[in-house]
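Chains as they are written, first to last, in my numbering: chain A, 963 to 1254; chain R, 932 to 1377.
These are computed hints drawn from the structure, not numbers from a lab. Watch out, some of these pointers could steer you wrong.
Lysine to any residue pairs mimicking SDA-like chemistry, simulated, CA-CA at most 20 Å apart [as the list claims (entries may be wrong)]:
1. A:K980 - R:W1363
2. A:K1092 - R:R1003
3. A:K1182 - A:D1156
4. A:K1168 - A:S1081
5. A:K1092 - R:R1227
6. A:K980 - R:L938
7. A:K1182 - A:N1207
8. A:K1111 - R:L1231
9. A:K980 - R:D1362
10. R:K1053 - R:L964
11. A:K1168 - A:T1141
12. A:K1168 - A:A1040
13. A:K1092 - R:A1136
14. A:K1001 - A:D985
15. R:K1016 - R:I1127
16. A:K1111 - A:E1082
17. A:K1001 - A:A976
18. A:K1182 - A:F1214
19. A:K1092 - R:L1183
20. A:K1168 - A:L1206
21. A:K1111 - A:T1141
22. A:K1168 - A:F988
23. A:K980 - A:A1040
24. A:K1092 - R:F1144
25. R:K1016 - R:E1171
26. A:K1092 - R:W1141
27. R:K1016 - R:S1119
28. R:K1016 - R:A1136
29. A:K1111 - R:L964
30. A:K1001 - R:M1364
31. A:K1182 - A:Q1131
32. A:K1001 - A:H1152
Computed far set for chain R versus chain A, every beta-carbon distance over 12 Å [to be verified]:
33. F966
34. Q970
35. V1101
36. A1128
37. R1170
38. L1190
39. I1212
40. L1231
Ideal placement from N, C-alpha and C gives every residue a C-beta, glycine not left out.
Given next are the chains, with one letter for each unit.
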Amino acid sequence: MTSTTVEASNLRKAFGEKQVLQDMSFGISPGDVIGVLGKNGAGKTTLLELMLGFTAPTAGAVRIFGHESYSLPGDIKARVGFVPQQDELLDQLTVADQLLVIASFYRRWDSALIDRLCSEWGVNVNARIKSMSVGERQKLSILLAFGHKPDLLILDEPVASLDPIARRQFLEQLLTLSTDEKRAIVFSSHIVSDIERLANRIWILKDGRLDWQGDLDSLKESIVRLHIRGAGPELPAFQIPGVLNARRDGAFATAVVRDWTPEAQEALEKGASVQIEVEALGLEEIFVELHR
Amino acid sequence: MKAVARLVWTYFTGTPVLRACTFTGLALIALDLYFVLTQPASGEKLWLAFLGLIILFVGSSLMPVTFGRLARSHSVGVLPGGRLKLLASAFIAILLVALPVGILSQGVVISGARGSLPELMKDPRMRDFILGVAAVTFTSAVLFASWMYLAMWFLTSQRNMAGLFKGLLVIMLVIFAPARELQDFTVSLTWNLQQIAVLWFVFGAGFLLWPRFKAVRARRAHERFAGLARVFTGRMAGREFDVLLGTANPWLLVAALALPLLLMARLVGDVPSAWVFFLTIFSVVTGAYSGQAAERSRALWLRGDWSRAELFVAVERSIWRHNAHVLGALVLAIVGIGLYAGFPTVLLAAGFSVVVLGAVLSTYLGLMITRGLRWLEIVAGVVVMISLMGLGMVLGFEKVGLTTVFALEACMIALAMAFRYIARRRWTQLDWMVCRPDRTLTARGA
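Chain A extracted, bound-state conformation:
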C-alpha cells in the first residue's frame, strides 16, 4: 500500500481555450487536513473534482492511493468520501431511505456513527428530503460522506449553507475524524476562520495555480506586515524583497511581504538603516493581501 494518499504532478485542466488549472504538483499524506482557499472561479471545484476522477486532466496526472483518479477501482473508491457543493439527494425519499440507499453501496458502513450524528445534528430520519431546508440537506450530504469512514474525505464548501451551530457541530466532527492519522481531509471554504481552526495545511489558489501550499504557521511566518521606521524625518530609498503592498508616510512605511525571513529583515535593517517591526497577519488578511 502506498503511503501517499493523493499525488499530483504537473496537473493542468482547460475547458476549451480557458485554462482553469495550471502546472499543479502536490501531495497529500494521511493525517493531512487541507483547507483550500481561493476566490470564486479560482479553480477549487475543478481541482477537487479532478482528484475524484469526475473529469480528466488536460495534462499531468492525479493518483489516489497510487491509482489514476480517472479510472479508480472499486476498492479505492470505497476509501473516498465526497460532499458536493450542490447536493445530489433524492427528493422523494426519507432521510432513512436515502441513508439506506447509499449505505448499500459500501461494505463497511458505520450505522451507529450515523445514528449518533443524526441525533446530535438534529436530523430527523423520518423527514422527507423534499421538505428539508438547504441546511438540513447539507447536513445529510455530509452524513452520507461520513458513513463508510473514508480514508480520504473531500468536501467542496461543505458549510456554506449551515447555521453557526450546525457549522460548529460539523467542524467538531471533522476535528474528531481528522485526529485519526490514517485519514486525509481536503475541504474548500470561503469561511477563512473555519480553515484557520481546522486545517493543518493551507492551499491558496490564484489564477489557476497553487499560489501557496504549506502549513498554517509557515504561511503566517512567511507573509507578514512590516512597520518600518527610519532614523531621519524621511525614509531613505530602499527595495523590499517580496513586497505585495506598501505605503509610505514620511519617516514611516508599512509593507506586506511574502517569503519573509529573519535574514531578510537583518539585511534590510542594516542596508537601509531602518528599524523594522514585524506584525503577524490572520489568514483572512493574508488571503486578501495575496489577492490585492
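Could you slot chain R onto chain A? The hints should help.
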C-alpha cells in the same frame, strides 16, 4: 413594459447564433414578402419563406429555456410584477413567431394568381378572402405554437412523471385537434380566438397563482402522499443502483401512460395507422428517460467497482430493465387493440417493431447526451422522430410493400447501432464537470 421588451429581445437574440438565425429568418421572410407584393404568381418562391420561418423559430428557441428557468427561480417572486411580465413576454414572443405565418399565408393564397397582391386586393371580395385566410392562419399558428411550447415546457422543466404525463397529453391534443378541425372544416377565426383566450387564461391563471398553490400544497401534500411513497420505498432493497439512476419503478411510467392510452381509444377509434403513430410517440418518450442517465450516474461513480465503460453497461442494463416493462405494456396495448379492432396481423407485427425501434433509438440517443444537448443530438432527434412518424404513417397505407417496411426498419436498426456505438464511446470519456445535474434530482423510482 421595458422588462417585457428586454425579455422578448433576449429570447430572439440571446446568443450570437440565435441572433444570426433571427435576422436571417426575418430577412428571408421579408424577401419573400417583397416577391409576393410585387410579382404575380410568385408561389414558386415560397420555399424562401418556409426556410425563413424555420430559421426564425430556431432563433426564438431561447424562449422556453429562459422562461422555464425564470419561472422556476425564486428571484422572479421578488421582482416587481415578475411573473406577469414573464407571462406577457412569452405571449408576445409566440405572437411574433406566428406573425410571419399569417402574413405569408397571403402568398400561398395568391401563389397561382395572375395578379400581384396589391392588384388582387382591389377586389373587395378577394380582399376579404385573403385577409380572412391570413387571420385564421395567424391565430392557428399562435395556437399551435402555444401548445408546442407548453409541451416542451412540461417535458423539459418537470423531468418527472407528472411532466411526462402532461407533455404527452399536450402532444396528443396538438396532433389530434388540428387534424380533426381540418377534416370537419370547423376552423374559424372566432373558434381560434376562443381557444387562444381559454388556453392563455387557464395557463396564465395557473402560472400566476402557482406560488400560492404551491404554498397550500406544501402544507397539505406531505401527509397525503406519505403512505403511497412508503409503498414504493419499501420495494427498493437490492435495487439501489436503479434508485439512484431513477429507473427503479417502471410501473409509475406505465401508469402515467394509461390515461393517454384511454384517451386515444376515445379519440382515435379503430384507425390502425393512427394507433401506430401515437404508440410510436409514446415509445420515444419512454426511451427519452435515458437522457438524464449521464448526469445521474455521477452519484454512482464513486460508489461502485466500475470503470466508465462498465458503468455504461450497468446503466444500459438498468434502463432496459425499466423500459422492458413499459414496452411490454405498449405491446400489450397494440395487441389488445389490434385484436379488438381486427387490425391485420402484418400491421400488428410491423407496428410492434416500430414501437420497439422507437424505444431503442430514443434510449441510445438519450445515452449519447453526455455534454448537454448539442446540434448533433438535436438533429438526430428530429431525424429519428420524423422517420418513426413517417414509418408509422407508411404502415397505414393500404398498398405498402413489406419489403419497403423491412428496409426502412433495417436502416433504423443500423442507426440505433450507430447511436449505441457513439454513446458507448462518449461514456468511456464521460466528464461530470461538463455533464452535471443543474438541479436537485428526483427519485422517480423510489
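Now for the hints, and whether the structure bears them out:
no.	hint	result
1	A:K980 - R:W1363	holds, 17 Å
2	A:K1092 - R:R1003	holds, 16 Å
3	A:K1182 - A:D1156	holds, 16 Å
4	A:K1168 - A:S1081	violated, 40 Å
5	A:K1092 - R:R1227	holds, 18 Å
6	A:K980 - R:L938	violated, 29 Å
7	A:K1182 - A:N1207	holds, 16 Å
8	A:K1111 - R:L1231	holds, 18 Å
9	A:K980 - R:D1362	holds, 16 Å
10	R:K1053 - R:L964	holds, 18 Å
11	A:K1168 - A:T1141	violated, 29 Å
12	A:K1168 - A:A1040	violated, 32 Å
13	A:K1092 - R:A1136	violated, 26 Å
14	A:K1001 - A:D985	holds, 18 Å
15	R:K1016 - R:I1127	holds, 19 Å
16	A:K1111 - A:E1082	holds, 18 Å
17	A:K1001 - A:A976	holds, 18 Å
18	A:K1182 - A:F1214	violated, 23 Å
19	A:K1092 - R:L1183	holds, 19 Å
20	A:K1168 - A:L1206	holds, 14 Å
21	A:K1111 - A:T1141	holds, 13 Å
22	A:K1168 - A:F988	holds, 15 Å
23	A:K980 - A:A1040	violated, 33 Å
24	A:K1092 - R:F1144	holds, 17 Å
25	R:K1016 - R:E1171	violated, 44 Å
26	A:K1092 - R:W1141	holds, 18 Å
27	R:K1016 - R:S1119	violated, 30 Å
28	R:K1016 - R:A1136	holds, 13 Å
29	A:K1111 - R:L964	violated, 71 Å
30	A:K1001 - R:M1364	holds, 19 Å
31	A:K1182 - A:Q1131	violated, 27 Å
32	A:K1001 - A:H1152	holds, 8 Å
33	F966	holds, 43 Å
34	Q970	holds, 48 Å
35	V1101	holds, 24 Å
36	A1128	holds, 36 Å
37	R1170	violated, 9 Å
38	L1190	holds, 21 Å
39	I1212	holds, 27 Å
40	L1231	violated, 8 Å
Against the hints set out earlier in the document, violations occur for numbers 4, 6, 11, 12, 13, 18, 23, 25, 27, 29, 31, 37, 40.
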